[in-house]
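There are 2 protein chains.
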Amino acid sequence: MNRRLLTPGPTSLPPQVRIAAAKEIIHHRSDEFLKVFQEVREGLKSIFQTRNEVLIFTCSGTGVMEAVIVNLLSPKDKILVIKGGKFGERWADIGASFGLQVTGIDVEWGRVVDPNLIEKELSRDSQIKAVFTQLVETSTGVVYDIKSIARIVKETEAVLVVDAISGLGGEYLPADEWGVDVVVGASQKALMAPPGLAFVSLSDKAWKLVEESTLPRYYWNFKEALRMQKNNQTPFTPAVSLICALRESLKLIKEKGEDNILKHHARLAEATRKGVLALGLKIFSEAPSNIVTAIELPLGIEDKKLRALMRDRYGVEITGGQGKLKGKIIRIAHLGWVDALDIMAGISSLEMALSQMGFKVNLGEGVKAAEKVLSGSEE
Amino acid sequence: MNRRLLTPGPTSLPPQVRIAAAKEIIHHRSDEFLKVFQEVREGLKSIFQTRNEVLIFTCSGTGVMEAVIVNLLSPKDKILVIKGGKFGERWADIGASFGLQVTGIDVEWGRVVDPNLIEKELSRDSQIKAVFTQLVETSTGVVYDIKSIARIVKETEAVLVVDAISGLGGEYLPADEWGVDVVVGASQKALMAPPGLAFVSLSDKAWKLVEESTLPRYYWNFKEALRMQKNNQTPFTPAVSLICALRESLKLIKEKGEDNILKHHARLAEATRKGVLALGLKIFSEAPSNIVTAIELPLGIEDKKLRALMRDRYGVEITGGQGKLKGKIIRIAHLGWVDALDIMAGISSLEMALSQMGFKVNLGEGVKAAEKVLSGSEE
Chain A
255 MNRRLLTPGP
265 TSLPPQVRIA
275 AAKEIIHHRS
285 DEFLKVFQEV
295 REGLKSIFQT
305 RNEVLIFTCS
315 GTGVMEAVIV
325 NLLSPKDKIL
335 VIKGGKFGER
345 WADIGASFGL
355 QVTGIDVEWG
365 RVVDPNLIEK
375 ELSRDSQIKA
385 VFTQLVETST
395 GVVYDIKSIA
405 RIVKETEAVL
415 VVDAISGLGG
425 EYLPADEWGV
435 DVVVGASQKA
445 LMAPPGLAFV
455 SLSDKAWKLV
465 EESTLPRYYW
475 NFKEALRMQK
485 NNQTPFTPAV
495 SLICALRESL
505 KLIKEKGEDN
515 ILKHHARLAE
525 ATRKGVLALG
535 LKIFSEAPSN
545 IVTAIELPLG
555 IEDKKLRALM
565 RDRYGVEITG
575 GQGKLKGKII
585 RIAHLGWVDA
595 LDIMAGISSL
605 EMALSQMGFK
615 VNLGEGVKAA
625 EKVLSGSEE
Chain B
255 MNRRLLTPGP
265 TSLPPQVRIA
275 AAKEIIHHRS
285 DEFLKVFQEV
295 REGLKSIFQT
305 RNEVLIFTCS
315 GTGVMEAVIV
325 NLLSPKDKIL
335 VIKGGKFGER
345 WADIGASFGL
355 QVTGIDVEWG
365 RVVDPNLIEK
375 ELSRDSQIKA
385 VFTQLVETST
395 GVVYDIKSIA
405 RIVKETEAVL
415 VVDAISGLGG
425 EYLPADEWGV
435 DVVVGASQKA
445 LMAPPGLAFV
455 SLSDKAWKLV
465 EESTLPRYYW
475 NFKEALRMQK
485 NNQTPFTPAV
495 SLICALRESL
505 KLIKEKGEDN
515 ILKHHARLAE
525 ATRKGVLALG
535 LKIFSEAPSN
545 IVTAIELPLG
555 IEDKKLRALM
565 RDRYGVEITG
575 GQGKLKGKII
585 RIAHLGWVDA
595 LDIMAGISSL
605 EMALSQMGFK
615 VNLGEGVKAA
625 EKVLSGSEE
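Chains A and B are the protein sequences, given in the same order.
By the count of my numbering, the first sequence reaches residue 633 at its end, each step adding exactly one.
By the count of my numbering, the second sequence reaches residue 633 at its end, each step adding exactly one.
So here's chain A without its partners, still in its complex pose:
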C-alpha cells in the first residue's frame, strides 16, 4: 500500500530531493560545499522575498523561534504575542522562559486576530519591543492578515516577528514589501526538504535590536552566523546532507516558479475545502490557510478511530487537533510535494472511512466537488 502523507510537516519529498539526501557526505569546509551553501542562501532569499541574509541553523523550527528571542531581547523586555493556537502559545512560553514580560492577545482558536487590537496594545504601551505572530497558526488552520499587521507595527518602534514555519512558500509573504522584520521558516514544509533545518531573515530594524540585546546565546548567535554565512560557512558543522537536499528542492521551486507554487497550494486548498463541504463537514477556520485545512469532527465520530482507519486501511496520514482541539478537529494538509490526485486520495479515503464509521455521506460527492475545482470547471 502506498503511504500518502497529508500532514502539515514533515511532508513528502520529491525523488530528486531524496536522492540528494543520499549522496556521499561532503566536508562542510570544502569548496564543493561552499558552492552548495551559496546556492541555498540565494534560493532562500528568493523564497523569503527579501534582500536580507537568511540565516540557516541546524535545528527544528522551534530552535530558531528561541534563537529570535535570545538574539533580539533582554531580560524583562516587553513583547506582545498573538495567542490564537498552539504555536502562538509557544512564542509566549519561550518568551516567559527567558524572563520577558509577555502580553498576550488571546484569540479564540480558529479565529483570526483583529489587527486593531495590536494597534491598541502598541499605542497603550510604547515599551513593547516586538510583536510575535504566526503566518499560519498550524494548529487551527488559520492564516493571519500579516499585511495589515505589518502596516501597523511598521509605524511603531516595535519589530514584527512572523513564525512562517508552516506557511513559508505556500502562503504569500513578501517580507520586504510588507515590511515584516523577522521571518522564521523551516525545511520540512512547502520547501519539500527533510526536517532538521530552520531559517530566519532579519531587517535592519531587527538587527538594531540584536545590537542591544543582552540575553545569553552561543549556538544561536545571529551575528556570528551572519559573519560566517558571508563566506558560505556556518559556525558549527551543519546538517550537510539536508542542505544538499534543500538545494535540490529550491531548484525545483525555482524551475516551477514561486508564484505558480503559491497558486498550486491555493488550488489544492480550495479543492479540499469544497470536497469536505460537499460531504457535509464544516471548515473549522475563520480564514482557512492554503497549506492545511482544519475540519470540525462531526458528532459521534472519534478522531483517533477515523485517522487510524484512513491510515491503516488506505495509507493516508492526516493529523488531529493539538492542545485544546484534540479530538475536536482533523487537519488535512496540502503542503509541499502534494498534487491534485493526492488530494483526491485524501478526500476519497475520508469519505470511505466516514461511511464505514456510520456517518452518512454520499460516496464520491467529496471527490466530485474537488474534481470540479481541480479540473477547472469551477474556477
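No wet-lab data here; the hints were simulated from the structure.
One or more of the hints may lead you astray.
Pairs count within a copy or across copies, as identical chains cannot be separated in the list.
[Unchecked claim] Simulated pairs of lysine-lysine, DSS-like, Cα-Cα distance not exceeding 25 Å:
#: 1; residue 1: K578; residue 2: K484
#: 2; residue 1: K614; residue 2: K580
#: 3; residue 1: K510; residue 2: K289
#: 4; residue 1: K536; residue 2: K580
#: 5; residue 1: K559; residue 2: K289
#: 6; residue 1: K517; residue 2: K558
#: 7; residue 1: K528; residue 2: K462
#: 8; residue 1: K330; residue 2: K517
Model the placement of chain B on the given structure of chain A, informed by the hints.
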C-alpha cells in the same frame, strides 16, 4: 575520481545508511517512527555504555554542549574547564557566554592534561560544580585519560562532563563503569550517520544539578526531552531522515560488535602513525587518539598547498590545524566508515604530494609501514 573523506567529521557513510536517509519521510508522531526512535534510543545506550537515557537533539554537537551548560548550571556558578585545544576553549566560551565563572586549566596544545591538576583545583575550591573536558581534543588529536579524571571527580561534589563528540564509538569510554556523569556525542563521527543529530547522557548526580539549575532554556530542556523520549517522542519535529539513517548505522555497529569497532579504529590509527613516521614526519600529539592523527608539517611545506594537492589530484580530503595550529599541523582521520585501504589511499596520496612538493620521501615507505600493521605482520 573517487573522493575519500579522511576528516574528523563529517565522515563517509555506509551505503545502507545513505539509502535509509533517502527513504520516504515518515511522520514523527506515527507508530512507525516511534519504533525507529526506540531502536535508536537502545542503540545509543549501548554505544554510550550507560543505563541512563541518551537524549537526542536535532542540532550540531555544539548545540548539545550549550544544552549541558544551560541545563546543569546557574548564573555565576563555578566550572572547571580543561583547555588543551579549540574544543576545550569552546566549553570555556560557552560557559562565559552564559555568565558562569570559568576556571581554565591551560594545557599546552598537543599535550594531555595531568589529572592531578584537576584534583588540585577541585580541592582548592569546593564550589566548582562541574568539570568540562574532551575525550579526544579533535584539534590536537590527543586523547585524554578520562578514567583517571573520572576517578578524581567522582570523589567530589562536582560532575564530570565529557565532550565525546569526535571520540564516541571510536575510543573506549564506558560511561557508567568509569563514572562519567555527562557524555556528549554526535551522529557524524564514528556513528557513521549524517551530521545534524547530537546526544547526551546524564547520571543521577547530573540530573540533580538539572533540578537546581536556573539558566533559561526551552529548546534544550532536558527534563522535557526525557519526558517525551520515554514515549519515543521528541518535544519538537526531529530530523526524521537522519534518525532513520542513524538506525541503520547503529544496526551495522551492533552486527560488527562495538568492541571490534574500537579495535578497528585502534588498528587504523596505529597503521597511520607508523606510515607517517616512516615518511620521516612527526606525530604532533603526546597521546595520539585512535580517531584522528595530528602530524607536524615539515619545514617548508605549506599546509594549504599540500592539502589542495591531495584533494584535487588524488581526491583525498584531510584537514589542517585549527586556531593557533593553523598551518602547523595536518590531521588525517581514520574515523567511521573507513577501511584499511582507505588508510593506504591517505598515506599514498600524502607521500606522492609531499614528494611533488620537494619534500624528500622514499615513495612507498609509508604505505609499506602501514601494510605491516594492517596485514598483521607487525602485531
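Comparing the hints with the structure gives:
1. K578 <-> K484: between (43 Å within a copy, 23 Å between copies)
2. K614 <-> K580: within (23 Å within a copy, 73 Å between copies)
3. K510 <-> K289: within (22 Å within a copy, 37 Å between copies)
4. K536 <-> K580: within (16 Å within a copy, 64 Å between copies)
5. K559 <-> K289: between (48 Å within a copy, 20 Å between copies)
6. K517 <-> K558: neither (32 Å within a copy, 49 Å between copies)
7. K528 <-> K462: Neither way: K528 and K462 sit 46 Å apart in one copy and 55 Å across, limit 25 Å.
8. K330 <-> K517: neither (42 Å within a copy, 54 Å between copies)
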